[in-house]
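Chemist: Sequences are here, hints too, so could you generate the full structure?
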Amino acid sequence: MRKTLIRTAAVAAALTFLAACSGNETPAAETTSPAATETTEPAGGATGALTIWVDENRKPAVQAAVDIYNKTNPGVTVELVQKNFEDIRADFLAQVPTGEGPDITIGAHDWLGSFIVNGVAEPVDLGDKVSEFESVATQAFTYDGQMYGLPYALETVAIVRNTALADSTPATWDELIAKGTEAKTKYPFVINTNGTTGDAYTYYGLQTSFGAPVFVQNADGSYTNEIGMGGDAGLAFATFLGENGMKGSGHFSTDWTYDVANQEFADGNAPYTIAGPWAIQTFKDAGIDVAVDPIPSAGGETAAPFVGVQGFYLSAQSENKLVANDFLVNYVATADVIKALYDADPRLPAMTVVADQVASDPIVAGYLAASKNGAPMPSIPEMGDVWEHWNAAESSIISGAATPEAAWTKMLTDLEAAIG
Amino acid sequence: MTTEQSLTAAVVGDEPPPTRRSRQSHARAWDGLGFGFLAKLALMALVNALGVAAGWSAYVNGAWVLLGVMVGLLVVADWVYFSRRPVPLKYLFPGLAFLAAFQLFTIGYTGYVALTNYGTGHNVTQAQAVDALLSQNEKKVPDSPTYPLTIVEQDGELGFAIVQDGAAAVGTADQPLAAAPDATVADGVVTAVPGWQVVPKNQVLSDPALADEVLALRVPISDTAEDGSIRTGDATIGSVYRSVLVYDEAADTLTDAETGVVYRATDDGQFVAEDGTALPVGWRVFVGFENFTKAFTDDTYAGPLLKIALWTFVFAFASVVVSFFFGLVLALVYNDPRVRGRRVLRTLFILPYAFPAFLSALLWRGMLNANPDYGIVNQLFFFGARIEWLDDPTLAKVSVILVNLWLSYPYWFLVCTGALQSLPGDVQEAARIDGAGRWRTFQSITMPLLLVSTAPLLIASFAFNFNNFTLIYMLTGGGPRFTDTSATLGHTDILISMVYQISGVAGGRADYGLASALSIIIFVIIGVISALMFRRTRQLEEVN
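Same order as they appear, the protein sequences are chains U and A.
FYI, the numbering for the first sequence is 125 to 544, going by our numbering.
FYI, the numbering for the second sequence is 2 to 545, going by our numbering.
Everything labelled a hint here was simulated from the structure, so no lab data went into it.
Listed below are the simulated DSSO-like cross-link pairs for lysine-lysine, each with C-alpha atoms no more than 27 Å apart in a straight line:
no.: 1; chain 1: U; residue 1: 195; chain 2: U; residue 2: 183
no.: 2; chain 1: U; residue 1: 534; chain 2: A; residue 2: 398
no.: 3; chain 1: U; residue 1: 371; chain 2: A; residue 2: 398
no.: 4; chain 1: A; residue 1: 140; chain 2: U; residue 2: 253
no.: 5; chain 1: A; residue 1: 308; chain 2: U; residue 2: 534
Modeler: As structure tokens, then:
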């Protein structure tokens with residue numbers, strides 16, 4: 125009897141599994157049948173169904189947006205599917221072509237390049253509302269003159285200062301180190317290097333102060349696919365990394381991972397660090413008072429850290445594009461919803477009105493100021509090929525495993541080969 | 002191990018006594034209270050209901066292969082459980098169904114992907130690629146204003162009514178936008194046009210067929226096509242767009258309307274112009290065995306592949322041998338009745354086995370940090386010296402094997418203790434009477450008998466370590482990186498972590514085709530080695 129039960133359950137499971145996992149050419153029933161389209165009368169709103177992929181942190185935020193939307197559109201069933209943020213990019217690429225993907229997904233703007241060459245993202249027309257968003261945010265979601273998503277939040281890194289150890293952040297790197305040394309702590313400055321993997325993202329503000337952007341930018345801020353890290357400017361930055369690395373003055377170290385750097389800073393072992401808003405809570409929990417300031421210049425030019433933009437992508441294979449577009453353009457892209465998103469998960473709002481509203485918090489204001497200096501992280505397809513080589517080159521220079529010239533030149537050669 | 006044991010138990014174990022042929026199974030027909038029969042009917046009804054539901058949804062979606070598989074499985078299931086004859090199948094069928102779903106399907110699909118160029122830039126079908134290219138290249142005319150837009154209908158034909166500088170204009174796909182002075186405009190939106198019926202936005206949104214029509218509708222703004230046309234994405238605002246690419250389905254070409262360049266579909270799954278420039282979005286095509294040759298001939302992969310394959314063998318072999326012998330020695334020592342507190346000690350030895358491997362690997366990664374301030378190993382055991390355990394190519398390999406030893410010796414300790422305790426005492430006693438010393442007894446009696454029961458486990462462990470992705474990924478991430486190649490691979494990468502890197506799941510450029518081809522190569526290697534070694538172990542069993 126028990127055997128039969130197990131056996132039958134097994135058969136049932138196998139059958140449902142087959143039903144769920146196959147059908148590569150056509151979407152399965154669950155995703156396509158617009159729930160009860162025929163039976164429900166449009167009572168003051170549209171009817172239909174939307175599937176949105178969200179990560180754990182943003183689920184309450186998006187749920188808040190959906191609640192506002194459902195007040196006027198009770199006939200639309202919105203299903204939020206919770207996924208790991210790290211999995212969303214690859215899953216969206218794999219599932220959209222099969223028709224199994226969502227209508228909308230949350231995502232980072234630097235995925236745009238791969239979404240373009242893989243043909244999975246649909247352009248979104250915000251109309252006149254474009255001007256209501258920070259230009260760095262709309263720029264980030266624009267590729268070849270078209271916008272492919274709705275930006276809603278910004279994030280960037282900046283100098284985080286322990287207010288008990290230093291009263292201000294100087295404007296240049298040398299002054300920062302001098303002031304940091306005066307604090308007589310274990311280190312004048314710590315930074316996340318992601319161990320020996322390297323972390324070009326966190327170091328990027330220092331790099332741009334040498335005038336060596338990762339890709340050359342057009343006048344309108346969009347990126348070409350020409351590497352900008354070559355030449356004297358790039359080499360000057362590489363030399364700077366070497367001088368401050370473990371064989372030099374030791375202000376940078378590959379022993380520092382994200383956790384180690386944050387721990388040292390939270391323990392009061394350094395007055396300055398470069399960190400993003402996501403680390404602030406750790407510092408507050410450790411009981412230290414922090415302030416956020418723009419990154420000082422090491423090479424003479426303005427330090428422009430990467431600005432990452434979070435937003436919503438629309439699937440190219442969505443069966444409910446009109447409803448999805450309506451949801452994004454006419455509901456999410458309003459001050460109320462962007463504020464609700466901020467309240468549920470505080471990231472810098474990409475809508476100017478809302479950003480001004482929340483700027484009363486000094487930390488938020490500090491990051492907003494830093495983001496004004498920043499440049500959007502390139503979203504061109506070539507960007508995906510850069511990270512590994514770039515991180516590894518910086519790591520080997522900082523650890524002293526290779527000379528700055530050798531490591532930087534090899535990186536440039538590898539990048540030329542990878543990008544072609 | 003458990004399957005191995007249960008299988009042996011099933012084969013060797015207690016043979017059921019010959020059943021009374023006259024008494025049929027109580028699940029066959031109504032008999033006595035009939036519970037068995039009723040339960041079987043209910044369960045089969047459930048299976049059939051699920052099967053029909055799944056088959057129906059496959060039919061609705063036109064997934065014919067799936068429909069065939071579903072119907073086939075259902076028919077076979079009903080035949081197996083309602084017919085008298087296929088008694089063995091009654092036990093085997095669920096397993097076979099699982100085998101088909103979880104193993105054969107996966108293997109088949111991996112094989113299929115290995116023969117394609119599936120990966121970044123070749124992610125979709127050709128039809129989807131064309132759609133994507135067309136929509137990416139239908140560009141908003143610079144400085145086009147955004148018009149408030151209303152959907153209107155006349156004799157079944159859809160049109161847009163827009164408000165331009167306060168005045169209404171109406172048009173359809175065939176009739177360019179024309180002023181409609183008698184239209185009613187309220188709050189900047191057209192609410193009524195004589196001769197036209199306004200379609201409310203909610204009606205458009207609620208009707209998928211109508212929504213598709215609205216999305217596809219392009220209303221030219223003038224008689225000249227180059228001026229562009231109005232389109233809408235959300236049925237409330239419209240802007241002027243111009244198509245840059247034109248698709249010719251018959252010739253399978255895309256033509257750039259502005260420059261006149263013609264892009265032809267090639268066998269590589271891309272649209273390529275005369276001068277070799279290609280459009281970004283490509284599609285999946287069959288490339289035959291190109292991926293298999295690419296792994297060995299491509300400059301970026303050939304060198305690292307050889308090194309990584311060699312290291313994979315060394316790693317898998319060394320991990321098994323080192324941890325087996327360490328576990329065996331401990332088992333021998335703690336099997337001796339003279340050791341006090343054996344139970345407690347044995348429990349303690351098993352502890353590393355009780356932690357999840359990925360957690361232990363992460364802990365070790367932290368403990369082996371080169372900086373003695375953060376790495377406890379250097380701080381406690383090496384007098385605060387700076388030893389780069391995970392950053393030096395040779396030391397990193399040693400560290401990986403040592404951590405794996407720590408993770409897996411408890412397993413061998415357990416297995417060997419069990420095997421030692423079940424060894425027949427009489428044989429050892431006979432050896433002692435024959436005057437064999439301790440070493441001789443171990444060498445000639447204990448070890449061969451032990452190997453009979455542990456050799457299959459050794460092979461299984463080799464196969465497991467060959468693909469021990471968790472340890473490599475969590476401990477070193479494959480690093481330190483190779484410096485003599487531009488491939489993003491490192492000295493401790495094993496084949497499976499190389500496949501992961503190439504698959505692009507973690508980011509970067511994806512090449513599922515090549516990754517699948519490499520997986521198949523790994524599968525073949527492990528299959529061949531296991532087969533050879535199992536043949537060898539049969540010789541061991543002859544000592545019995």
